[in-house]
Amino acid sequence: MRRRGLLVPLVAALALLTPAGTMAAAPQTSVSEISSEVMCPVCGTLLELAESPQAKRQKVFIARLVAEGRSKEQVKDALVAEYGTEVLALPQGSGFDLSAYLVPVIAFVIALVALAIGILRWRRAGDPPGGEGPASAAAGPSASDSERLDADLARYDL
Amino acid sequence: MSARSAIAVVAVLALVGLLTFGLLSKGSSGLALGEAAPASPLPRLEGGGSGSLADYRGRWVLVNFWASWCVPCREEAPALERFQRRHADADFTVLGIDSRDLSGDGRAFVERFGLTYPQLRDGDGDAAAEYGTTGVPENFLVDPRGRVRLLVRGPVSEEYLDRYVAPLLPGGRS
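Chains as they are written, first to last, in the working numbering: chain X, 14 to 171; chain F, 74 to 247.
No wet-lab data here; the hints were simulated from the structure. Computed from a predicted structure; not experimentally measured. Hints should not be assumed to be uniformly reliable.
[As the list claims (entries may be wrong)] Okay, the calculated beta carbon distance ranges per label pair:
id, chain 1, residue 1, chain 2, residue 2, range
1, F, G177, X, L103, 23 to 33 Å
2, X, D90, F, L106, 35 to 45 Å
3, X, D165, F, V85, 56 to 66 Å
[To be verified] If you want the ones that stay clear, here's a sample from chain X, every Cβ over 10 Å from chain F, calculated:
id, residue
4, F74
5, Q87
6, V122
Even glycine gets a Cβ: it sits at the ideal position worked out from N, Cα and C.
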């Protein structure tokens, strides 16, 4: 009897946590989330920034699909079916649109290589011909410099 | 030519190529009178399948770009429908093209105004771009040879249709 008393609240708690029944139509995304990733085709701006009559219709259309429990990708697919791929604000990861992702990466790699080559050349240009370090360091102070240094040190000898 | 010069030339050519592509991809600046009207196939707004201006070659066609969210289109639609009913037997038709619109909204618009003339759907706006439209509504009267004879960048009234379109139709009546 005591076990049964514990079981009832446990089952009730699990029922609250389990995504069944009512959760099937629960929103998986939001109008604002999708509006930040799709365009208003007439305005040429992100839908979230658009307030035109067409944009309002588009937001109502999205809200209806979201209320039906469609996922973000499903809503986007429905928008593409209505307006074509240009409704997507983010380039697709295939075809010519792929260049939108590849070109910056390639440009960055080329810039890195160019920078590395430039630094190497600059360092080589600073080296003395045939020497390993600066010429003054290898040869030490000249005789006149040594005499002047000794004289200066003598003056400061306390 | 040194390697550096070759790289510079390639870089300049690539830049010019990109600029050219950008300009070309903007599309044409618009149709002019006497030019051939684009006749790319488009899906029908109702009933499935596709249609094109080419289906009406040999007839006068008033190509009407519209959208359900467009207020002037609502004011224009009844005039177009009345003109269509009066001239449908004169080798003439209005051809509606619902542009950048939700198909459900477009169909509701057709039903609301009782439009009987054929309707095509231009969801992505490509056809509108081919015609060089700057908005909706816009109207293009195309002659039986497929050439643009009149062009109105805005709504047409029944008075305009009677005055400028009707005289061009077989019989020349208004």
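Cross-check of the supplied hints:
1. Checked against the hint of 23 to 33 Å, the pair G177/F and L103/X passes, with Cβ atoms roughly 26 Å apart.
2. For D90/X paired with L106/F, a C-beta distance near 41 Å keeps the hint of 35 to 45 Å intact.
3. Take D165/X and V85/F: their Cβ atoms lie about 59 Å apart, and the range 56 to 66 Å holds.
4. The claim that F74/X lies off the interface is violated: its Cβ sits roughly 6 Å from the closest Cβ of chain F, which falls inside the 10 Å cut-off.
5. Consistency note on Q87/X: stated as away from chain F, and its beta-carbon is indeed over 10 Å from all of that chain's, at 16 Å minimum.
6. Every CB of chain F lies more than 10 Å from the CB of V122/X, the least distance being 16 Å, so the non-interface label holds.
Checked against the numbered hints given earlier, this structure breaks only hint 4.
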